[in-house]
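Line by line, the protein sequences are chains P and X.
Be aware that the first sequence starts at 1, since it is given in the UniProt record's numbering, and climbs by one per residue.
Be aware that the second sequence starts at 1, since it is given in the UniProt record's numbering, and climbs by one per residue.
Treat the hints with care, since some could be wrong.
As the list claims (entries may be wrong) - Computed spacing ranges between beta-carbons, pair by pair:
| id | chain 1 | residue 1 | chain 2 | residue 2 | range |
| --- | --- | --- | --- | --- | --- |
| 1 | P | Ser170 | X | Gln99 | 27 to 37 Å |
| 2 | P | Arg150 | X | Lys245 | 51 to 61 Å |
| 3 | P | Arg130 | X | Cys98 | 37 to 47 Å |
| 4 | P | Lys134 | X | Pro832 | 17 to 27 Å |
| 5 | P | Val173 | X | Leu658 | 47 to 57 Å |
| 6 | X | Ser209 | P | Ser170 | 21 to 31 Å |
| 7 | P | Glu181 | X | Glu771 | 35 to 45 Å |
Derived by calculation from the structure, the hints in this document are not laboratory data.
Quick reminder that beta carbons are idealized off the backbone N, C-alpha and C, glycines included.
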Amino acid sequence: MFSSSCISTIISSRFRPEASAILLAVIVILHLCFSILLLEPVKQIKMVVLAASIVGKSGKVLVSRQYVDMSRIRIEGLLAAFPKLVGMGKQHTYIETENVRYVYQPIEVLFLLLVTTKQSNILEDLDTLRMLSKLVPEYSMSLDEEGINRAAFELIFAFDEVISLGHKESVTVAQVKQYCEMESHEEKLHKLVMQSKINDTKDVMKRKANEIDKSKIEKTRGDKGGLSSMSSLSSGFNDMSISHGRGSSFGSGSMLGMMSDVEPISTKAKDRSRSSVTAPPKSSGMKLGKSGKNQLMESLKAEGEHIIEDVKPTCQTRAAVAPPTDPFTLTVEEKLNVALRRDGGISSFDMQGTLSLQILNQDDGFVQVQIETGGNPEILFKTHPNINRELFNSESILGLKRPDQPFPTGQGGDGVGLLRWRMQRADESMVPLTINCWPSVSGNETYVSIEYEASSMFDLTNVIISVPLPALRDAPMVKQCDGDWRYDSRSSVLEWSILLIDNSNRSGSMEFVVPPVDSSVFFPISVQFAATSTYSGLKVTGMIPLRGGGGATPRFVQRTQLIAQDYQVV
Amino acid sequence: MDKSSTLLVHYDKGTPAVAKEIKEALEGNDVEAKVDAMKKAVMLLLNGETIPQLFITIIRYVLPSEDHTIQKLLLLYLELIEKTDSKGKVLPEMILICQNLRNNLMHPNEYIRGVTLRFLCRLKETEIVEPLTPSVLQNLEHRHPFVRRNAILAVMSIYKLPNGEQLFVDAPEMIEKALSTEQDPSAKRNAFLMLFTCAEERAVNYLLSNVDKVSDWNESLQMVVLELIRSVCKTKPAEKGKYIKIIISLLSATSSAVIYECAGTLVSLSSAPTAIRAAANTYCQLLLSQSDNNVKLILLDRLSELKSSHRDIMVELIIDVLRVLSSPNLDIRRKTLDIALDLITHHNINEVVQMLKKEVVKTQSGELEKNGEYRQMLIQAIHACAVKFPEVASTVVHLLMDFLGDSNVASALDVISFVREIIETNPKLRVSIITRLLDTFYQIRAGKVCPCALWIIGEYCLSLSEVENGISTIKQCLGELPFYSVSEESEPTETSKKIQPTSSAMVSSRKPVILADGTYATQSAASETTFSTPTVVQGALTSGNLRALLLTGDFFLGAVVACTLTKLVLRLEEVQSSKTEVNKTVTQALLIMVSMLQLGQSPASPHPIDNDSYERIVLCIKLLCHRNDEMKKIWLESCRQSFVKMISEKQLREMDELKAKTQTTHAQPDDLIDFFHLKSRKGMSQLELEDQVQDDLKRATGEFTKDENDANKLNRILQLTGFSDPVYAEAYVTVHHYDIALEVTVINRTKETLQNLCLELATMGDLKLVERPQNYSLAPAKSMQIKANIKVSSTETGVIFGNIVYETSNVMERNVVVLNDIHIDIMDYISPAVCSDVAFRTMWAEFEWENKVAVNTKIENEREFLDHIIKSTNMKCLTGPSELEGECGFLAANLYAKSVFGEDALVNVSIEKQTDGALSGYIRIRSKTQGIALSLGDKITLKQKGSS
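The following block holds chain P by itself, in its conformation from the complex:
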């Protein structure tokens, strides 16, 4: 570049400026050209099949599949030249021309041939050819031009299975057939799951429709307010809500409960295994619409029904979970059940924690676990009956009462619960997230401003604050919002989601406008979140092998999480 700039300056001093500019451009282009020339050429692999074809005796090309880039005229030329080169009465079946090698095999009135480079490995090519010649009768009814024409595309698909990018694949005829049939066990399962989901949803829909009908009848019967009709509705829903293990008695809340119930399972699954391998990612949910016959699902979705299609039956998930690779997995999990009062203060607080151990190999069962607690006096630890309690109390080591017995092992399930703890009393400063909701009516509109305040103890992720709204057809007008919001018209819930709450946004607010309504409509607000730090601060500091351990601490994996199981502002 230095030399060129020199030249250009010299030139520019002599010529008119625009000429020099052009010259400079030319030089730059030249440089570019050189640098392109100097680029290393893309490596060409030698052993390749250029094309696999079937031609008639007269040279009519019936089917040909090319595996390298070549122009159409070229391949047609090569194939047209072939029949003329085939001599009669030869005992070998290859022809070399100046540029290519044909390896062929006559099949009745046709030729099956491979076009290869001359340096190609003949032994491999012959293998490939043999494979293809076995496939042709499998897919073609009759071995004449007509038969091949009819099966042309099937043959191309089969050829593709044998040769990939010009390289031979080591496959058998049976495998190729299997590949071409595309019968997938997983797909069938997927469809089954899908079907059962649809049925479930249908059931729910039916019930709900009944409820609505009932409520309508009630409405027409008596002159009751909106609220009482709501409560009667909720009583109708009670059985369902209970089945979800939820104390909520609100209609829309129960709907919400259903989905929030499902989600933790899927997140759990994700945590435990390399989810990308097993659970089909969410976008496959789009696939449903393609089934065509599932018009119902389609319409359900269009109406705003939240449908999660990628959840598999737990047994299935377990079977499909890729085996964990670490010998020990320790899971610390704390679940929060909190009810906050809407005017401040805690109505109820309950935290339940567990420590579970999962051991992969039978032989590794003889271990003890060294833990360390955060020393919170509010927390009471309870060990599993089989755990040596004295050892735990004195040295914070979890070991079995009978050291000659191993811990239960295996991949299935969540492992063995070793320790449980609870915390039931807490003041307001201990709550990870407080919510303030201020509905104010002005004119014929209600302004609602909500703000949250997070305690500095935790960094919360995936925070979703769900605010029930009066039944509206259109989404409320959101004036201001930190984070994202979404309105689910079906269940009349406004979801305010904040991906991460950390020191940068310990507090945030949202404001929206709805038609005038009673302020109690906006409660209970339910919140979901997760965090990686816990109340107990329990940590596993090491594993102590009891047998044959040469002093080395075995490798283990520790997972810690705090989940809001039922977190509401009532």
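Keeping the supplied structure of chain P fixed, place chain X upon it in accordance with the hints.
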């Protein structure tokens, strides 16, 4: 570079598919109909009919389909469809397919995922691939190996795209990780391949860290390893040492394909004698272990390559190579012998000859059908050995002479000509050969072998006893005189009766043939019997072979007998002191000759004696009656001298060939010099060989075009329209192997914009247009280039007609400018070639199409005319220069050429100088197909006139 094509399917034009029908079927719900319609759409697309409105239909109705076959066909459709506009930008509607592809990549069905990934391998448009990359990466960890396999390949293809590195910055890393945990052999291979092509160092690292396991790896992976080694060594020759060990360990692999590849790699990496020896040994072992003929032939090719570059090493292996002769295939045997013959040295000649002899003996016992031909090949090989190393001649000649009576005429003929040459060049063997020949003469059954044997007897019987012996042998073989008596008429030997019908059949089917000297003759019956069907007398031995042959009407043999007798008598005169003995012999000889003439004129003979033979016999009679010294000198000395001359000329020619061969292997002036004290160059890698490999693929895919100089290019410009036409056009025609590229420059010479300008082409002959013409608009005084490709499928003169059609804004109707015809010259397709005389004549007899062109030229010299024809037809003259020498007023020559499509073109030129100095005669062209015969004839007619 043209657009690459990925598949071809035969499309029957008889049942045209209507776009509307396809559309309806696609919109319907019937899966079967949809599949059918999809197939039709793909075929239409292949046929060049891009129905654009179909694309949207497919997006709307086919994309959501659940059927697997439809999805696969859809992928084929997407593969074929034009995805970019004329400027190379991706069409906006292509984004629509992205979502579908992504869904497919996440499909629960692993096969759908697999085929979609495979489709991505063929995708070239970065813009379409880009949004799909995350999904591709997820598939790398799919449970099913089928998906992983294809995912790796897809990653590789995408990484190789321009800017692909940016799409997948850490692709090599990921693939490396995948490789370390991968268990599926095919996926493993693909992963290694990916590393090899995209991140060579990683591949090398992986290889080096797994050196011990290489020999346990899967065959296909081992192949890639070898490939990698070759590539690495090419760029970094210094690191070669690391890999040699791997190669050696792979030489003992279980798969023969790997072993073969190993040997090839070894040769390309090193020229150290040990390496070459190992490779050659491997090839030899494969030769014996593989039963497939193709493999054997190609292995022999490899060996002959080795032979030319490392002859000294191959010499050691000659016996191993010769073991292949046990294969029954003639092509293999021929190739083997060819290789072996080049490797013969003083040290191994005895061994080789012994082996060949053993093989010859084997052919006698076995009753295989091709034995005769094989024996002939062996005899030729032994012949060649004997010529190279005259000392072995003595050991083989007697063995070979056992085959004089062989029923295979060709091999007997080879033997006798071998004997003839040896007896001249090897004077020491003369006596023993003559004795042997006289002993075995009676066994010779073939009418073509006898004259030659007789000639040898006539020439080389020198001593008294030999001469006497010779005369008596001939007499014995002729049997009792006369050949024919009235009494015998009733039973004129069974043989003649047997022959009768066949020879008459021959006469009826008589057709012109080319004689060995290139003359073109309507054969006489006599020569027919000696020529086309080798007459082998199977009759009783008692009657004598000569007699039997004569009775079938072979009077040419009669003439030879007469000449031989004359020669022997003349020699007898010299060596025999007793006059009475001489005279007695003379009378006996005369009696024989006279009875032969009598036979020829009698009705007992199948046909009367031909004039030539008659005259020669009469000449012999005259000579014997009036013997003089001058005649004696001519008969006894000049005859031999001309033979000696012929032999020496042949040797000279061989020497010349050898010289020409050795000249090429001489060191180049700029070659490196090896110093004994310094490190030897041996063992350095041969980079040239590797480059050859690189070119191989390019050549095969037709990417390889030689640089032609521009001056040459300008010569081939054809003006298509006149200068005053509104559109001026000229074409530059390039003829590649199988296609013709027309580059047409079109210039708008009007002041208006020409719209919908279209170059319409039509062809005659075996030409086919590849693409449909497109419409352009051309601004005033602007020019543009239009390219058209035309496919050629056989050698034939073709004509391309064309029009340029356009519209202008003010005139609504279309204007047409007719173009000059473009003639495609056959000469571009044929190239000079060589074939043996025998092959030429068999082809001449076989081929159906003959074109006879009368000579009509102003050239007065025969040679000059021949040279002109050779030059203008681009053929090779098979007739040797020595045979064309001399001024005798006539000339006959054979020309031969081969087309790129492998067709043969045969030409025979027979001309005679008339008394007025003009040349007359015919040029005959024969070929298997009509096209060549016709167009070559046209060409010759044209050139004859053009030269005047």
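_Violated constraints from the hint list, given by number and in increasing order_ = The structure breaks only hint 4.
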